Every structure is written in structure tokens, then in C-alpha cells.
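There are 2 protein chains.
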Amino acid sequence: MKFNAADLSSMAQRYRATFVNSLSGYKSANLVGTVDAQGRHNLCIVNSVFHLGAHPPLLGMILRPHTVRRDTLENILLKECYTLNHVNQAIVAQAHQTSARYDAEESEFEKTGLTPQPCDVIPAPYVLESKLKLAMKLVEIKPIEINDTQLVIGQIEQVIVEDNAISEDGFVDLQQLDEVAIVGLDGYYTATQIHRYEYAKPDKPPLIKK
Amino acid sequence: MKFNAADLSSMAQRYRATFVNSLSGYKSANLVGTVDAQGRHNLCIVNSVFHLGAHPPLLGMILRPHTVRRDTLENILLKECYTLNHVNQAIVAQAHQTSARYDAEESEFEKTGLTPQPCDVIPAPYVLESKLKLAMKLVEIKPIEINDTQLVIGQIEQVIVEDNAISEDGFVDLQQLDEVAIVGLDGYYTATQIHRYEYAKPDKPPLIKK
Numbered sequence: 004m005k006f007n008a009a010d011l012s013s014m015a016q017r018y019r020a021t022f023v024n025s026l027s028g029y030k031s032a033n034l035v036g037t038v039d040a041q042g043r044h045n046l047c048i049v050n051s052v053f054h055l056g057a058h059p060p061l062l063g064m065i066l067r068p069h070t071v072r073r074d075t076l077e078n079i080l081l082k083e084c085y086t087l088n089h090v091n092q093a094i095v096a097q098a099h100q101t102s103a104r105y106d107a108e109e110s111e112f113e114k115t116g117l118t119p120q121p122c123d124v125i126p127a128p129y130v131l132e133s134k135l136k137l138a139m140k141l142v143e144i145k146p147i148e149i150n151d152t153q154l155v156i157g158q159i160e161q162v163i164v165e166d167n168a169i170s171e172d173g174f175v176d177l178q179q180l181d182e183v184a185i186v187g188l189d190g191y192y193t194a195t196q197i198h199r200y201e202y203a204k205p206d207k208p209p210l211i212k213k
Numbered sequence: 004m005k006f007n008a009a010d011l012s013s014m015a016q017r018y019r020a021t022f023v024n025s026l027s028g029y030k031s032a033n034l035v036g037t038v039d040a041q042g043r044h045n046l047c048i049v050n051s052v053f054h055l056g057a058h059p060p061l062l063g064m065i066l067r068p069h070t071v072r073r074d075t076l077e078n079i080l081l082k083e084c085y086t087l088n089h090v091n092q093a094i095v096a097q098a099h100q101t102s103a104r105y106d107a108e109e110s111e112f113e114k115t116g117l118t119p120q121p122c123d124v125i126p127a128p129y130v131l132e133s134k135l136k137l138a139m140k141l142v143e144i145k146p147i148e149i150n151d152t153q154l155v156i157g158q159i160e161q162v163i164v165e166d167n168a169i170s171e172d173g174f175v176d177l178q179q180l181d182e183v184a185i186v187g188l189d190g191y192y193t194a195t196q197i198h199r200y201e202y203a204k205p206d207k208p209p210l211i212k213k
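Protein chains in written order, with my numbering: chain C, 4 to 213; chain Y, 4 to 213.
Because the hints were derived from the structure by calculation, they are not lab data.
Treat the hints with care, as some may be off.
[As the list claims (entries may be wrong)] DSS-like cross-link-like pairs, simulated, lysine-lysine; straight-line CA separation at most 27 Å:
(1) C:Lys212 to Y:Lys145
(2) Y:Lys82 to Y:Lys5
(3) Y:Lys5 to C:Lys82
(4) Y:Lys140 to C:Lys114
(5) Y:Lys145 to C:Lys140
(6) C:Lys114 to Y:Lys82
(7) Y:Lys145 to C:Lys114
(8) C:Lys114 to C:Lys145
(9) C:Lys5 to Y:Lys207
(10) C:Lys207 to Y:Lys140
(11) Y:Lys114 to C:Lys213
(12) C:Lys82 to Y:Lys145
(13) Y:Lys140 to C:Lys145
(14) C:Lys82 to C:Lys140
(15) Y:Lys140 to C:Lys5
(16) C:Lys145 to Y:Lys114
(17) C:Lys145 to C:Lys82
(18) C:Lys140 to Y:Lys207
(19) Y:Lys114 to C:Lys114
(20) Y:Lys145 to Y:Lys114
(21) C:Lys204 to Y:Lys114
(22) C:Lys145 to Y:Lys213
(23) Y:Lys213 to Y:Lys114
[To be verified] A short, non-exhaustive set of chain Y residues, derived as facing chain C with CB atoms under 7 Å:
(24) Ala20
(25) Lys82
(26) Tyr105
(27) Pro119
(28) Cys122
[Unchecked claim] Computed spacing ranges between beta-carbons, pair by pair:
(29) Y:Glu83 to C:Asn150: 13 to 21 Å
(30) C:Glu109 to Y:Arg104: 23 to 31 Å
(31) Y:Lys204 to C:Asn150: 42 to 50 Å
(32) C:Ile211 to Y:Leu131: 18 to 26 Å
(33) Y:Gly42 to C:Glu83: 20 to 28 Å
(34) C:Leu131 to Y:Leu81: 44 to 52 Å
(35) Y:Thr118 to C:Asn167: 36 to 44 Å
Please read all numbers here as calculations on a predicted model, not as lab measurements.
Note that the Cβ used here is the ideal one computed from N, Cα and C, for glycine as well.
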């Protein structure tokens, strides 16, 4: 089936949002933890976190100022830090529920039954139930003018991860942590490793890593 | 296990690259198709494509100017277009092999056995074997100064997808297309849907979409 630009443009808004959100491929599932000026916790799920670089260790994340994530963006600007907490299968329902439009004075932790865990390097709460958690220091926010979104760039200040998931070479097998991936806005998936491959070389066929 | 900034900084370079690349969560797997000034095809796998917005339909992608992907970036700048082709299980070995440092005059299609397919809206090749393909028009390139990478923003001009994977509401079930996700630099995963959830509301528990 073929859709051209005019077909996309003429889709009903909700259909288009659902369709286009499926087109980038599998997405990461992270809970962003922040605190506001009164010290109140905020938590929201994002599917837009991506790797930006290993040295310095940087992650990017797209936030939409005009959605429920406004609280998150304001808190990040205020405190210049946030946590990222990978979503696993045991907490997928609660994680999705953090996308509801709770009032600013309501804590998504309390509302969804997730547990805030203090972080010893930044003033932002981890999610206790997450098996891979990152403390992030805000580096910069780049406005994406074309659609009025914000690229939030953060540097990793701390990683907490169950060590049985880390291979000898530093690879973290997210399947060992029961992690989930997202498709579109609301589809949650578990994943199963096929292979790891050796670094590809022009004069060799693809080799499966033992 | 806990790693602080100093621990990350003191890791051996390859270990750190492998470790930090695992920390964003599951990643999308796409083949970028371009042509150069002589009309020669180029193809390379990227794990950095992300959703940027549905209307206009925009995707972002991070490219590193100082890696094998230089050809890709130059071609995108030259022709102001590229294709994105989701990777499925049947072509995962070939897709990984496109990351080898072939010479500019060598076609990764020929070298890996993937098949170029003409696109009728832009001068860039699709990958015939891919089950979800996008023709992209370059919108802009934003330099990320902090680590000398480039954010390539493109608008979707055409979508080709097997229609049995599209739900009534526009959702595309990537599992139906046998698509793969990536962890780190070299880990490939298949995915299995758990649930889709209804739009979350503050006064209701999370509801599974029927």
C-alpha cells in the first residue's frame, strides 16, 4: 500500500497521529522523573529518548511544550536535571498511566503506584521498580522550530543497572531486564534477542558474536 | 550496580561505547538509501531514527560526520532526499553488513545482496526486501555542537507498507512485518506485542485496547 504526502495530509488527525507515530520503528520506553519548585515529584512516560553519543555520554529526548509534558519540561529547566527509568514488563500499565493529564499538584507516583527512590547525585526521583535508571544533567535545549518541539540534551551522571544484564564487553541485554519497546503511541512489546553481530568488515561475511 | 560520571569516563573506549549505546533503550533499525553525484547507490544501517512529529510528518536521525556514514550525509546534502527502510528478520545480517567501511564507489546493495528498488517521488533507492519504506525530503540539518554530530530532519513524502499490518485506527503493527529492534551497536531483537492501551485518563485505570 502506498501513501503519498497528500494522502498523509488528508488523513483525519487522530488516524494520522497513530499512523505516523508507527513509522520510525521500535521506540524506547522511559519514565522521566523530575521535581518542581515545591519539591513535588513528577513522572511521565516518553518514547522519544535516543542515543546521542558515548563520550561524553549523551542522550536526546523530544518534548512537546503544548502537551501534558509541560510540567516535565518546566521542572527540567528549573532544576537542570531529571532521571530516565527504563520501563519493564511488570510496570507497563502504570508507566502508560503516567501519560494521563494529572494536575500539577498530583504526583504520578502516588496515582499510579510506582515508588520514588532518592538519587544521590541529582535532585530528581528514580523509579524504584525500574531495572535500569539514569541520572541526567541538562546540557542544553535545542528548539526545533519547524514543529515547535524541544530537543532536550542531557549527560548521564549515574547509571544504576542490575549487573547480571551486563556482558563482559559492556553490552547491556535489555531482554534480561524484561524491558519493553513501544510502537506508535500506545503499543507495548517485549523483545527477544536474535543475535549480536561482530563489527562488520568489507572483506568478511556478517559474523554472529559468540 | 552503580556507575557514576567518573566511572563512565574511565572506561576503556570500546567498552564505554558498547555500554552507553545500550542505555537509551530499544532502538529502531533502518537502512538509509541515497545516491551520489554519479548516481551510485549508497546504503547504510542506522539505529538513530526517531519520531519528531506527525503533522507535518517528520523524522529525525543522528549522523556522525567522522564515521562511515559520511557518504550518506554528503549524499543527503547533495540530493536533499533519502529513503528509510525498516529492517526485518530476513535481512538482518545483510543490514548489519552495510555498516562495513566499503569504498565510496562500491554499492552496499551489491556487496550485501540487497535489492535497490526505484522510488517514484525522490531520486534515492528503496530496499526491495524491506516491508515498510519511507521516501524522505530533507528539511534541515541541525548541528549538535557538543559532540560534533548532525541532527538530520526529514519530512515523509511517501510510505510503502504491507497493508495487512495497518489497523483500523492507523496503527502499524511492526511485529506483523517481522521487524527488528536494536540494542547497543550490534544486538538485534524481534518483538512481541503485549498490549495496546487506551488513551490514559486521570480518573480511570489503564485500559487494554480491544
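Status of the hints after comparison with the structure:
no.: 1; hint: C:Lys212 to Y:Lys145; verdict: 35 Å, violated
no.: 2; hint: Y:Lys82 to Y:Lys5; verdict: 46 Å, violated
no.: 3; hint: Y:Lys5 to C:Lys82; verdict: 23 Å, holds
no.: 4; hint: Y:Lys140 to C:Lys114; verdict: 43 Å, violated
no.: 5; hint: Y:Lys145 to C:Lys140; verdict: 22 Å, holds
no.: 6; hint: C:Lys114 to Y:Lys82; verdict: 50 Å, violated
no.: 7; hint: Y:Lys145 to C:Lys114; verdict: 39 Å, violated
no.: 8; hint: C:Lys114 to C:Lys145; verdict: 32 Å, violated
no.: 9; hint: C:Lys5 to Y:Lys207; verdict: 38 Å, violated
no.: 10; hint: C:Lys207 to Y:Lys140; verdict: 34 Å, violated
no.: 11; hint: Y:Lys114 to C:Lys213; verdict: 24 Å, holds
no.: 12; hint: C:Lys82 to Y:Lys145; verdict: 26 Å, holds
no.: 13; hint: Y:Lys140 to C:Lys145; verdict: 22 Å, holds
no.: 14; hint: C:Lys82 to C:Lys140; verdict: 9 Å, holds
no.: 15; hint: Y:Lys140 to C:Lys5; verdict: 17 Å, holds
no.: 16; hint: C:Lys145 to Y:Lys114; verdict: 38 Å, violated
no.: 17; hint: C:Lys145 to C:Lys82; verdict: 17 Å, holds
no.: 18; hint: C:Lys140 to Y:Lys207; verdict: 34 Å, violated
no.: 19; hint: Y:Lys114 to C:Lys114; verdict: 54 Å, violated
no.: 20; hint: Y:Lys145 to Y:Lys114; verdict: 32 Å, violated
no.: 21; hint: C:Lys204 to Y:Lys114; verdict: 11 Å, holds
no.: 22; hint: C:Lys145 to Y:Lys213; verdict: 39 Å, violated
no.: 23; hint: Y:Lys213 to Y:Lys114; verdict: 45 Å, violated
no.: 24; hint: Ala20; verdict: 5 Å, holds
no.: 25; hint: Lys82; verdict: 17 Å, violated
no.: 26; hint: Tyr105; verdict: 5 Å, holds
no.: 27; hint: Pro119; verdict: 18 Å, violated
no.: 28; hint: Cys122; verdict: 10 Å, violated
no.: 29; hint: Y:Glu83 to C:Asn150: 13 to 21 Å; verdict: 19 Å, holds
no.: 30; hint: C:Glu109 to Y:Arg104: 23 to 31 Å; verdict: 53 Å, violated
no.: 31; hint: Y:Lys204 to C:Asn150: 42 to 50 Å; verdict: 26 Å, violated
no.: 32; hint: C:Ile211 to Y:Leu131: 18 to 26 Å; verdict: 25 Å, holds
no.: 33; hint: Y:Gly42 to C:Glu83: 20 to 28 Å; verdict: 49 Å, violated
no.: 34; hint: C:Leu131 to Y:Leu81: 44 to 52 Å; verdict: 50 Å, holds
no.: 35; hint: Y:Thr118 to C:Asn167: 36 to 44 Å; verdict: 41 Å, holds
In terms of the numbered hints stated before, the structure departs from hints 1, 2, 4, 6, 7, 8, 9, 10, 16, 18, 19, 20, 22, 23, 25, 27, 28, 30, 31 and 33, listed from lowest to highest.
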